[in-house]
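With the hints as constraints, model all of the structure from the sequences given.
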Amino acid sequence: MSRAAIVVAAVACAACSGRMPVLDPGGPQAARIATYWWIVFWLSALILAAVVAFLLHTLAHRRVAAAPASLVEDTRVERRLALGVAAAVGLTALTLVVLLVTSVATGRALRSFGGTDPLTLEVTGYQWWWDVEYWDPVPSQRVRTANEIHIPVGRPVLVKTRSLDVIHSFWVPGLHGKKDNIPGHGSSLVLQADRAGTFIGRCAEFCGVQHAHMQLLVIADQPEVFDAWLQAQRRSAVVPTDAFARHGFDLFMTGPCALCHTVLGTPAGGRRGPDLTHLASRRTLAAGTLPNTVGHLAGWIIDPQAQKPGAQMPGNAFGADDLSALLAFLGGLS
Amino acid sequence: MSSTVGPTSTLAPGEAARETLDRAALERVWSTPPGFLGWLTSASHKSVALRYIVTAFGFFALGGVLAALMRLQLARPESRLIGPDLYNQIFTMHGSTMMFLFAVPVMEAFGIYLVPLMIGTRNVAFPRMNNFGYWIYLFGGLMLWTAFALDIGPDTGWFAYVPLSGPAYSPGKRVDIWAQLITFTEIAALVAAVELIVTTLKMRCPGMSLNRMPLFVWAMLVTAFMVIFAMPAIMVASTMLAMDRLVDTHFFNPAEGGDALLWQHLFWFFGHPEVYIIFIPATGFVSTIVSTFARRRIFGYPAMVLALIATGFLGFSLWVHHMFAVGLPQLGEAFFTAASMMIAIPSGIQVFCWLATLRGGRIVMRAPLLWALGFIALFVIGGLTGVMTAAVPLDLQLHDTYFVVAHFHYVLIGGALFPLLGAVLFWLPKMCGRMPDERLGRVSFWITFVGFNLTFFPMHLLGLGGMPRRVYTYARDAGLTTGNVVASAGAVVLTAGILVFLANVAWTLRRGAPAGDDPWGAETLEWATASPPPSYNFAYLPTVDGQAPLWSTQERPVVTGLRTDVREVLITDGVDATPDHRHRLDGASVWPFLTAVAATIGVVTALFTPWGVTIGSLLALVTLTGWFWPRGAPAHETVEQRP
Amino acid sequence: MSQRALDVSALPTIAYGPRASIWWGVLGLVAIEGSALAIVGVSYLYLRQNFVAWPPPGTPLPALGAATGDLVVLLASIVPMAIVDRLARAERRRPVAIGLGVMVLLGLASLALRALQFAGALGCRWDSHAYGSVVWTLLGMHAAHVLTSTLENALLMAVLVVGPVEHKDFVDAHVNAFYWYFIAAVWVPTYALVYLAPRFL
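So the protein sequences, as listed, match chains A, B and C. At position 97 of the first sequence the residue is numbered 97 (our numbering), and the sequence of numbers has no breaks. At position 387 of the second sequence the residue is numbered 1387 (our numbering), and the sequence of numbers has no breaks. At position 102 of the third sequence the residue is numbered 2102 (our numbering), and the sequence of numbers has no breaks.
Treat the hints with care, since some could be wrong.
Stated by the list, open to error - Restraint-style ranges between C-beta atoms, simulated for each label pair:
hint, chain 1, residue 1, chain 2, residue 2, range
1, A, LEU91, B, VAL1364, 27 to 35 Å
2, B, ILE1152, A, GLY186, 30 to 38 Å
3, C, LEU2011, B, LEU1621, 34 to 42 Å
4, B, LEU1072, C, GLY2120, 56 to 64 Å
5, C, ALA2158, B, ALA1061, 40 to 48 Å
Quick caveat, the hints were computed from the structure, so don't treat them as lab data. Glycine included, every Cβ here is placed at the ideal spot set by N, Cα and C.
Given below as structure tokens:
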């Protein structure tokens, strides 16, 4: 019976861990943490089984309580109990020391992943979206985007976490633990993807009414793919020549949009909301709240509060034609 | 006079008559005046404590309804049942209610009820202050729930991190109400703590040296000391937050040199001991129940006491483990990991001693013991997940996820509520004189046990699956649906279990069989008097010469010579509780209630203007003058009449 | 009969010092208030890390005059308080009442000096910056303790004057003294932190 239980548990673990990013590491940091997890998990399972087994055995083999309670104790029984308790306490202490040492070693290993020449990002949390800046010694080579991070496979990425409003927390469980974004304090962590794929990140510190909808995507690409992406991100937007899209462009620049959003290569330089220069290249809208499709974008522009009540973006009453023109312009921001 | 401690006594006819007269006199002097006024002015530790317990369970029910609403909302992905603003109020109210209005007050209240009885005295050291503490607690809870009913309940979490809870990002009065709730509940908690410490140190019956105190009394003593040193931190922090919001101080404003992390340090310096303040009394319940139903003293009394004291001290050295994601210096991280793991040793000692007691005892299976056994299993699970989160690397994944929600519910529900429910069944006969139904007690245990695990075990998996805390919804494709559905279904079962438990209590109060003095055959002094105890607790205060006085076969003398025409108690001194002097306690008074009203007016006004502090202080000055103004003391205590 | 009963009727009904439960109650209050003040003191040191200059630029070092006068008054006041304490144990009604009156005056003197500190010595307001917030809070908390203790002394003095007088009133004077010693003593580290430390930190 116990063997069957182990098999079931192992299958369950395999089945579950596929959907559990903490246990499905995509890089060395998350992998080290997952290793520590399995060590402490199996030790804990053993300890729990031992305690429950002892308890059940004691209850199953209990002596009959015929006599009333007594203060008289059998010294042999007391001595055996004392030995048992002492052994248990000793084992507990030993286990804890093992775990402490392993934990410190894991921490040390995590700090050693940094390598030379990491890709450096500054991620600033806002209520309720992520501003991402790819740092470069040459200012014109820096890239600003929002809610979606691309990284090259196999290269360490230094993520500096910042906030200018409330405390947020940058967390991509498939790649690493979290690090808080605290106003007045800067922190950082180094993560790395060892396989291509998409890793979901979430804000992990309660930051207000839309904390639940503050997601970001980390997309790990092979280095060549990443380089091409970064190059594309460095290009400014082009003012559309097509009349319809040009009308949308005008609406954007003369309307409220340009007050909060930046589109490089245009007069729009607002910094209150995400940079939209390459909006069309992203997979999601509103920090992972909606897929990036024309329909969802239209709904978001007209009434953000319907999708994300409390979001800082106001509604915009565009007529149907104007909205289509605007969408045509935005669709060109790839 | 009865010369034995215990339900049976061999009385000579003259002695029996004398005892009857003394009891009548004591009842006249110690009883609470009848009616509403009596209730308002009571100086009886039992009536104040029972009031506290009933009120606390009322808040527990309210907090439970909030939890049910949360589980209802989270039962489906992207549910629009409850919007984010209401949800944020709900989880803030749930945490604040459970922690400040239920868990700590109910534990202290059991202490206020039981400690005077267990140490063989008639009341707590400061009976009127005890009453004041209750009113302050009640008014604070009413203020909070009134705000919630008006849709201005606090909404930044029970921990209210700045800058979110500061003036810039939380306009209006919501957070101010939270900050003042803290003021109310912490005053009440500190009042009860002072009562417990002074009563325990100065009013133990002769012969009850510290090493003969019941483990529950030790637990309450350690808890009370923790309250004294932990509560000031959150009082200071919440006052700083209130000042930032009301009068533009800059404690937490980074733009003017303030620091968002200062809040976290102050909050968690209180917050971590807070959970031990809730847990340690529960260990006192477990020790009492286990020894009674294992028919022997707890194994390893000295180790148990040292474990309690060690937990009390160590509890103050862990707080930074709530801040591992902040980006701390490495040495700090290692220290707090070590401390957070090492506290498992004294907890482990307690668990192993209980197991040894069961092993070496003759077990009688009754419902209260079931709750204690369930506690052992659930607390071990919660303790193990605590050791998991103590490791910084792993905590960086688990922190602020549903894994932590699972962890703390295992240690708070499994580790504190289960013992509390066992304690309710155990002491209900003493408090009301009737026996609870054994079958209902067992059935409610099993339903609750199953429901609890169904609700909270999946949350470990949800945390590993990437679900953060304090989210009002989650995406359909996030892989979190199954766990949430199971947890919500479990919540239904858990609620049912609690309802069956409460039904048992209600039934007991109306129809339970008469309990007698000592239905369980227990060992501590509260079982040496009637159920419920008379207003004066014991006709003659007992003396003891060992642990477990009711299991002793020797006759012990009782205390005579205390006056029966005034509320006189015996003050003992030192480690060995030698009789020192006789002391008159005050009786019923309306001033504690009025002082609480004055303080409430001040605090509520202070939500809107700092002059509230002045107004409240002036009003309190009047009521405190009334409180302390002499009022016709007996002749033997008067030095001089008017000049 | 004496083996079966412990007769305590010969015990006194009044006690002073740690024998008395009220003394322990006041000790509890001292522990609570002392912890609160210590927490604010630690916050002061924590916030110091956020500043290059302390006090911050534009705020002068706190002036020592009124505060040092306050220190002298409070430390000196321990003597009359101790005398009142001793007279209380001897249950000398008039001397204790007079002594409490002296203590009230000394308390008012301290409060006046404290008002001067708020009025000018600090050189900033509570809402100027974090430094201002924390020093005003430290001084304000301590002032609140001086005020409440002074009011307690005044109240007790009124009781002793108006009568009737009970034995326990003298115990109250004794524990008021205990609390006063705490207030006077805790001004020393508070003064040092607010007025001396910025000159060295």
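Requested in this report: With 27 to 35 Å as the target window, see if LEU91 (chain A) and VAL1364 (chain B) comply at their CB atoms.
Outcome: holds (30 Å)
Report task. Given the hint of 30 to 38 Å, check if ILE1152 (chain B) and GLY186 (chain A) actually sit that far apart at their C-beta atoms. Result -> Given a distance of about 35 Å, which is inside 30 to 38 Å, the answer is holds.
Requested in this report: Note whether the CB distance of LEU2011 (chain C) and LEU1621 (chain B) lies within 34 to 42 Å or breaks it.
Outcome: holds (36 Å)
Query raised in the report: Does 40 to 48 Å hold as the CB distance between ALA2158 (chain C) and ALA1061 (chain B), or does it fail?
Result: Because 47 Å falls inside the window, the suggested range holds.
Requested in this report: Evaluate the given range 56 to 64 Å for the C-beta pair formed by LEU1072 (chain B) and GLY2120 (chain C).
Outcome: holds (59 Å)
Going through the hint list in order, the structure satisfies each hint without exception.
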